[in-house]
Amino acid sequence: MALLELRDISKHFGAIEALRGVDLDLERGEVVGLMGDNGAGKSTLVKCIAGNFRPSTGEIRLDGEVQHFHKPADARERGIEVVYQDLALCNNLTAAENVFLGREPKKSYGPFKFLDYAQMYTRSGEIFAELKSETRPRDLVKRMSGGQRQAVAIARTRLKDAKVVLMDEPTAAISVRQVKEVLDLILRLRDKGMAVVLISHRMPDVFTVCDRVVVMRRGTKVADKAIADSSPEEVTGLITGAIRAA
Amino acid sequence: MADSTQHSATVQDFARIDEVTALKERTIAQKVFASQPFWVTIALILICLIMNWVEPTFLTSGNLYNITRNFAFIGIMALGMTAVILTGGIDLSVGSVMGLVGVVCGLLLQAESHWAVAVLAGLATGALAGAVNGVLIAYLRLPPFVVTLGMLSVARSLAVVLSQNKMIYEFGPYADQFNWIGGGQILGISNPVWMLVLLTALFGLVFNFSAWGRYLYAIGGNENAARLTGVPVDRIKLQAYVAAGLTAAIAAVMIVGWQGSAINALGTGYELRVIASTVIGGANLMGGEGGAYGAFVGAALIEVIRNALLMAGVDSNWQGTFVGAFIVLAVLLERIRGKKSD
Ligand SMILES: Nc1ncnc2c1ncn2[C@@H]1O[C@H](COP(=O)(O)OP(=O)(O)O)[C@@H](O)[C@H]1O
Ligand SMILES: [Mg+2]
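Those protein sequence lines, which keep their order, are chains F and S.
Heads up: the first sequence at position 18 corresponds to 101 in my numbering, and the numbers run straight through without jumps.
Heads up: the second sequence at position 335 corresponds to 350 in my numbering, and the numbers run straight through without jumps.
Don't read these hints as lab results, they were simulated from the structure.
Mixed in with the good hints there might be a few duds.
Below, simulated SDA-like cross-link-like pairs (lysine to any residue); rule was C-alpha separation at most 20 Å, straight line [stated by the list, open to error]:
# : chain 1 : residue 1 : chain 2 : residue 2
1 : F       : Lys190    : S       : Ala327
2 : F       : Lys225    : S       : Leu300
3 : F       : Lys196    : S       : Leu300
4 : F       : Lys154    : S       : Thr336
5 : F       : Lys225    : S       : Arg242
6 : F       : Lys225    : S       : Gly219
7 : F       : Lys190    : S       : Arg242
8 : F       : Lys189    : S       : Leu300
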C-alpha cells in the first residue's frame with residue numbers, strides 16, 4: 084500500500100478544468116518530480132493534497148485511509164507539509180513569525196494565552212541552523228534575500244516530522260549554490276522516510292534527486308515513470324505535447 | 016553578511032550562531048528611532064512645551080483635563096480602527112455607528128431602563144453594525160470602502176429615524192449612574208481617559224502577544240499567504256470589524272454620558288479624525304503596519320494641535336481642513352519612508 088494515493092482527482096474552477104482524473108501514488112522515502120507547462124495543473128494538484136482546495140471529484144488516501152481535508156491545518160495535522168510556489172510569506176513579519184504562522188506556540192497565564200516568542204525564536208533558529216541557512220529568526224522577511232526567504236518557507240515543513248512534503252518550484256529564483264542546498268535537503272528528507280513531491284521546471288534538478296517523474300499536460304497525467312527509464316528529451320517532449328504519452 | 020565559517024552544523028555551534036546573529040539584528044533603540052509613534056510623541060511634547068511658553072494656561076490641569084478627555088473618544092475609536100486597517104481594510108461607518116449607539120442608549124434611558132441595559136444594548140448595537148460590515152466584507156468579498164460607506168449612511172439614517180429627529184435628554188431614574196460612566200472622573204483624570212489608557216494597553220497586548228493580533232498583521236502583509244498557511248482569514252476580518260463597531264459603541268456610551276444628552280448627529284465626521292489618528296500614529300492604509308500606542312498618540316497630536324489653533328484664535332471651522340491635510344501628509348510621509356526602506 085502506498086503512503087499517499089490519489090484516485091481520479093478532478094478539480095474545476097467554473098468552466099476551467101484544472102485537473103481531470105489524476106491518479107498518483109507516493110511511496111515512503113521516494114522523491115517524485117512533477118513537471119508540466121504553466122497552467123498544466125501542478126499547483127492545483129498540490130493544493131488539493133494540502134487541503135487548500137477540495138477536489139471536485141476523486142479520493143485522497145493517506146496510509147490507506149480516505150481523507151477529507153477542509154483546510155490546510157487538517158492536512159498538516161496528518162503530516163502533509165507544503166512549500167508554496169510564491170512561498171506564501173508575509174513581508175511585514177519576522178522569519179520566526181512566518182515559520183510558525185497558523186500554528187503559533189502559546190503560553191498560558193491563567194485564562195489568557197500569549198504567543199511564546201522565546202520558543203519561536205529558538206526553534207526556528209535551530210531549524211535554520213539545520214538547513215545551514217544564514218537566516219536570522221528576528222529579521223523581517225522584507226529585508227531578506229531570495230535564498231533566505233526560501234529557507235523560511237522550507238523551515239515551516241520542518242516544525243513537525245512530516246510524512247509528505249510538497250514543494251512547488253522551490254528552486255525558482257535562487258542562486259546555484261542555494262539550489263544545491265535545497266536539493267541536499269530534499270535528499271535528507273527522503274532518507275528520513277518522507278515522500279517528497281518536487282515541482283520544478285529545471286530538468287537537471289529533477290534528474291539529480293528524483294526517483295520518478297510525473298508529467299502533466301492540460302490537467303491530465305500523461306506520464307509516470309522511473310527516472311532511470313526516462314530522459315530529459317522524452318520529458319521535454321511530454322511537456323510540450325510532441326510525445327502524447329509515455 | 017555572516018561569515019560562512021560560522022555555519023558548520025555541529026550541535027555546539029548553534030549557540031555561537033545565535034550569539035553572532037543577535038549582534039547583527041537591529042537593536043531595540045534602532046527600532047524605536049525608526050518608528051513613527053516615537054517621532055509623533057516627540058512632536059507632541061515639543062508642541063506642548065512651545066504652547067506652554069506662548070500661552071502659560073496651556074499646561075494647566077484644567078486645560079489638560081479637557082484636552083485628554085477630548086481625544087479619549089477619538090483614541091478609543093482609533094484602536095478598533097487600527098485592527099481593521101491592519102488587515103488592509105477601512106471602516107468609514109464608525110462616526111455614524113456612534114450616532115446610532117448614542118440614540119439607542121438615550122431612548123432606553125428615556126424609557127426608564129436600567130443603565131446597564133442601556134450600556135449593553137449600546138454595545139450590542141455597535142457590535143452588530145460591525146458584524147454586518149464584517150460579513151459583507153469577509154464572506155461576500157465586497158470592498159470595505161463601499162460596504163462601510165453604505166453603513167455610514169444606513170446607521171446615520173437609523174439614528175435620525177429612531178430619535179424622530181429630536182434631542183434626547185430625559186435619561187430617567189438611572190441618569191446619574193449612566194452619566195458618571197462618561198462624565199465622571201477618578202483621581203482627577205476623566206473616565207474616558209482611563210478607558211482609553213486601559214484599552215490601549217489591552218489592544219497593545221492583543222496586537223503583539225496573541226495569535227489573533229499576529230493574524231491581523233499577516234492578513235495585511237499578504238492575505239493570500241495567510242490563507243494558504245491556514246490562518247482563518249475571513250473570521251479574523253469579521254472580528255476586526257466587530258472590534259471597530261464595539262470601540263465606536265464604547266466611545267458613544269461615554270460621550271453621551273459626558274454630554275448628558277443624545278443627538279442623532281453625534282459623531283458626524285469622526286471617521287476622518289479617527290482614521291487620521293491611526294495613520295499619524297504609523298498605521299499603513301495598505302495594511303500590515305500600525306499599533307495601539309500609535310493610535311493613542313496620533314489622536315493626542317491631532318487634539319493638541321486643534322486646541323493650540325483654537326488658543327491662537329484660529330476659527331474652529333478650519334479643523335476639517337487641517338484633519339484632511341494631515342491624512343494626506345501622513346500617507347505621503349509613509350510613501351517616502353516606504354521607498355527608503357525597500
Ligand atoms: N483559484 C483558481 N481559480 C480559477 N482558476 C484557477 C485557480 N487556480 C488555478 N486555476 C487555473 O487552473 C489551471 C491550472 O493552474 P495551476 O495549477 O496553477 O498550473 P501550474 O501550477 O501547473 O502552472 C490554470 O488554467 C489556472 O488558470
Ligand atoms: Mg504552479
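Now for the hints, and whether the structure bears them out:
For the given pair, Lys190/F sits about 52 Å from Ala327/S by alpha-carbon distance, which is inconsistent with the 20 Å threshold. Distance check on the hinted pair: Lys225/F and Leu300/S sit about 18 Å apart at the alpha-carbon level, within 20 Å; holds. For the hint linking Lys196/F to Leu300/S, the alpha-carbon distance of about 29 Å lies beyond 20 Å, and the restraint is violated. With a C-alpha separation of about 48 Å, the suggested pair Lys154/F and Thr336/S falls outside the 20 Å cut-off, and the hint is violated.
Between Lys225/F and Arg242/S, the direct Cα distance comes to roughly 19 Å. Compliance with the 20 Å bound is thereby established for this hinted pair. Taken as a hint, the Lys225/F and Gly219/S pair is broken in the structure, with Cα atoms around 23 Å apart against an allowance of 20 Å. As the CA atoms of Lys190/F and Arg242/S are separated by approximately 24 Å, the hinted pair breaks the 20 Å bound. With a C-alpha separation of about 29 Å, the suggested pair Lys189/F and Leu300/S falls outside the 20 Å cut-off, and the hint is violated.
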